[in-house]
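Line by line, the protein sequences give chains A and B.
Following the numbering used here, the numbering of the first sequence begins with 1 at its first residue and continues without gaps.
Following the numbering used here, the numbering of the second sequence begins with 1 at its first residue and continues without gaps.
The hints are simulated quantities; they were obtained by calculation from the structure and are not laboratory data.
Note that the structure is predicted; figures quoted are calculated from it, not measured.
Treat each hint with caution, since some may be false.
Any copy, or any two copies together, can satisfy a pair, since identical chains are not distinguished.
Straight-line distance between alpha carbons at most 25 Å, and here's what the computed DMTMM-like set of lysine to aspartate or glutamate pairs gives [said to hold, decoys possible]: (1) LYS165 to ASP276; (2) LYS165 to ASP330; (3) LYS165 to GLU326; (4) LYS165 to GLU181; (5) LYS165 to ASP76; (6) LYS165 to GLU17; (7) LYS165 to ASP83; (8) LYS165 to ASP297.
Protein chains: 2
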Amino acid sequence: MSQPRVAIVGATGAVGEELLRVLEERRFPLSELRLLASPRSTGRTVTFRGEAIEVEALDASAAPAVDIAFFSAGADRSLLAADAFVRAGALVVDNSSAFRMREDVPLVVPEVNAHDLDEIPAGIVANPNCSTIVIAVAIAPIHRAAGIRRAVVATYQAVSGAGAKGLAELEHQRRALVAGEPLRSEAFAAPIVGNAIPRIGALGDDGLSEEERKIERELRKILGAPALRVHPTCVRVSVDRAHSAAVHLELDRLIDREQMMAVLEAAAGVRCVEADLATPRNASGGDDVLVSRLRADREDGRRWDLWVTGDQLRKGAALNAVQIAEHWLDRRDG
Amino acid sequence: MSQPRVAIVGATGAVGEELLRVLEERRFPLSELRLLASPRSTGRTVTFRGEAIEVEALDASAAPAVDIAFFSAGADRSLLAADAFVRAGALVVDNSSAFRMREDVPLVVPEVNAHDLDEIPAGIVANPNCSTIVIAVAIAPIHRAAGIRRAVVATYQAVSGAGAKGLAELEHQRRALVAGEPLRSEAFAAPIVGNAIPRIGALGDDGLSEEERKIERELRKILGAPALRVHPTCVRVSVDRAHSAAVHLELDRLIDREQMMAVLEAAAGVRCVEADLATPRNASGGDDVLVSRLRADREDGRRWDLWVTGDQLRKGAALNAVQIAEHWLDRRDG
Chain A
1 MSQPRVAIVG
11 ATGAVGEELL
21 RVLEERRFPL
31 SELRLLASPR
41 STGRTVTFRG
51 EAIEVEALDA
61 SAAPAVDIAF
71 FSAGADRSLL
81 AADAFVRAGA
91 LVVDNSSAFR
101 MREDVPLVVP
111 EVNAHDLDEI
121 PAGIVANPNC
131 STIVIAVAIA
141 PIHRAAGIRR
151 AVVATYQAVS
161 GAGAKGLAEL
171 EHQRRALVAG
181 EPLRSEAFAA
191 PIVGNAIPRI
201 GALGDDGLSE
211 EERKIERELR
221 KILGAPALRV
231 HPTCVRVSVD
241 RAHSAAVHLE
251 LDRLIDREQM
261 MAVLEAAAGV
271 RCVEADLATP
281 RNASGGDDVL
291 VSRLRADRED
301 GRRWDLWVTG
311 DQLRKGAALN
321 AVQIAEHWLD
331 RRDG
Chain B
1 MSQPRVAIVG
11 ATGAVGEELL
21 RVLEERRFPL
31 SELRLLASPR
41 STGRTVTFRG
51 EAIEVEALDA
61 SAAPAVDIAF
71 FSAGADRSLL
81 AADAFVRAGA
91 LVVDNSSAFR
101 MREDVPLVVP
111 EVNAHDLDEI
121 PAGIVANPNC
131 STIVIAVAIA
141 PIHRAAGIRR
151 AVVATYQAVS
161 GAGAKGLAEL
171 EHQRRALVAG
181 EPLRSEAFAA
191 PIVGNAIPRI
201 GALGDDGLSE
211 EERKIERELR
221 KILGAPALRV
231 HPTCVRVSVD
241 RAHSAAVHLE
251 LDRLIDREQM
261 MAVLEAAAGV
271 RCVEADLATP
281 RNASGGDDVL
291 VSRLRADRED
301 GRRWDLWVTG
311 DQLRKGAALN
321 AVQIAEHWLD
331 RRDG
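Please work from the sequences and hints to get the whole structure.
What follows is the structure, encoded as structure tokens:
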């Protein structure tokens with residue numbers, strides 16, 4: 001089949017820039033690349049494979065004819081413009097939360113549920129929430145092997161989860177702190193340098209933050225486990241670009257350490273690093289989700305603790321979206 | 001009774017400096033203050049209540065005659081010198097891990113188990129681990145009200161937990177990062193700026209780190225709950241001086257939100273800050289442990305999640321030690 005025409009909506013954001021990098025690195029086959037963004041970024045040029053591409057304004061009433069459109073410009077723009085791209089013939093891979101819980105939209109982490117790409121009734125595939133992806137890659141193989149009944153999750157989320165403005169704010173605050181200047185906060189509700197902010201998104205009536213609700217609902221959908229109990233606490237930390245989580249699992253079935261290690265070592269997208277420190281700094285820039293600190297409870301072998309960390313902009317966003325497109329192309333052309 | 005003579009062993013460390021500040025702020029009654037430290041710091045002078053005090057070398061064979069000795073110079077020095085101070089007539093309040101699990105040594109958070117000061121058979125009272133204190137203050141009132149069966153704990157621990165050298169390392173690395181210089185790590189096993197290190201202390205055969213084992217054992221002893229199940233994951237984060245934790249509790253008995261709020265609002269040393277963000281930056285410099293993000297599980301009202309944060313150098317160390325001494329004085333003089 002012919003190489004696909006590709007568009008990136010939100011090409012100048014933190015995830016958009018990472019999408020360009022991942023498409024280059026993976027030699028993603030494409031015959032044309034259209035870059036779209038808000039009027040603020042229109043007219044800028046971006047270099048892709050040595051070629052300068054001008055950024056166009058996103059116009060929901062005149063979607064370009066492409067085969068794959070990566071959306072990473074926030075839920076509002078996805079709601080506004082995704083349908084136009086679908087009508088113009090594109091598969092939309094949407095990085096926002098706009099469509100994730102829609103029944104006719106697969107929510108896919110390819111290592112976990114690529115089979116959900118068999119049917120794409122609305123022409124849209126949703127890329128899960130970034131911390132959810134990192135956690136799902138690590139725990140899905142455990143779920144397949146021993147059944148996860150309950151997961152208690154505490155996250156350590158990077159500022160890049162709030163996009164380029166989050167990254168800029170941490171850098172700016174580091175400079176201000178070193179210079180003894182006052183800290184200004186816009187991207188986050190409090191200074192993030194030297195801090196931990198235990199709320200990501202607005203709180204609902206049940207006390208869960210938006211981010212926590214995403215982790216709960218999306219993990220259930222991705223794992224195909226509607227009865228899974230999830231107890232998340234989501235925290236923004238002074239880290240640049242990889243998300244981490246401390247995860248406590250209650251399993252249906254006993255699994256010994258040897259089996260657990262075999263399961264994780266065989267899992268796609270996972271790298272066990274028991275011998276070394278799996279820090280977000282080490283995970284940054286890489287494709288794998290790092291898993292370490294794997295511990296069975298001494299008294300109950302169905303309880304396990306682990307630490308996971310993965311690059312939020314790559315596996316948590318851009319890489320996962322490109323992998324979805326690759327799987328879709330394989331199916332289309334296979 | 002006469003005002004006590006006081007000694008601080010480890011007077012020039014991060015906790016030692018905070019001890020001096022807390023003794024001043026609380027107008028702790030004392031007739032004499034002796035400051036002791038390692039030979040490196042001997043001869044320095046420290047100002048206390050406007051008076052310059054010279055730092056003396058610690059000599060285990062010639063303990064000064066004091067009534068209260070605060071030890072904060074590491075477990076080795078406590079093991080070496082505490083007995084000499086006891087023999088010379090002092091109550092030793094030890095901030096290290098040296099004596100905490102000894103049956104003849106009370107391990108005390110005054111808001112929780114001041115009654116354990118009724119008997120001090122060895123002349124030593126142990127100050128608990130810093131993250132343990134912060135967590136214990138918050139969950140002890142819940143334990144009294146509804147019984148805690150199990151606690152899953154993920155910590156976000158400040159660099160001050162590693163003392164003055166930890167604080168200096170984060171500051172130095174911030175400057176290096178801003179200046180584009182290489183990061184050097186000595187206090188921690190990896191760069192801590194912009195990072196999270198999921199291991200505090202050496203790992204044991206059961207996979208728990210030293211810090212995790214302390215939280216488990218010390219919580220059981222402080223709460224008087226030997227059957228309590230604790231699942232800790234301890235993580236060092238890029239925060240200066242307050243420790244935080246995401247805590248998931250499984251209770252013996254149902255408790256509704258109104259009761260839970262009443263319990264916490266009546267609890268000494270706790271401040272509920274549901275309306276605001278309870279960040280380690282906000283907790284720093286204060287005496288209270290801040291509690292927020294209090295959530296009952298929607299399906300099981302015996303499961304609660306909460307976020308706690310408290311100043312590691314104050315309530316997590318110096319303040320708690322001074323409070324122990326105050327309670328002891330009350331008993332002695334009462």
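Going down the list of hints, with the structure as the test:
1. For the identical chains of this complex, LYS165 and ASP276 are inter-copy neighbours only, at 23 Å across copies versus 32 Å inside a copy, given an alpha-carbon limit of 25 Å.
2. In this assembly of identical chains, LYS165 and ASP330 lie within 25 Å of each other by CA distance neither inside one copy nor across copies; the values are 35 Å within and 54 Å between.
3. For the identical chains of this complex, LYS165 and GLU326 are neighbours neither inside a copy (29 Å) nor across copies (49 Å), given an alpha-carbon limit of 25 Å.
4. Within a single copy, LYS165 and GLU181 get their C-alpha atoms as close as 19 Å, and across copies as close as 24 Å, so both meet the 25 Å cut-off.
5. In this assembly of identical chains, LYS165 and ASP76 lie within 25 Å of each other by CA distance solely inside one copy; the values are 18 Å within and 47 Å between copies.
6. Within a single copy, LYS165 and GLU17 get their C-alpha atoms as close as 13 Å, which meets the 25 Å cut-off; across copies the closest is 38 Å, which misses it.
7. Taking the shortest alpha-carbon separations for LYS165 and ASP83, neither the intra-copy value of 28 Å nor the inter-copy value of 56 Å comes in at or below 25 Å.
8. Taking the closest pair of Cα atoms, LYS165 and ASP297 never come within 25 Å of each other, the shortest separation being 41 Å inside a single copy and 34 Å across copies.
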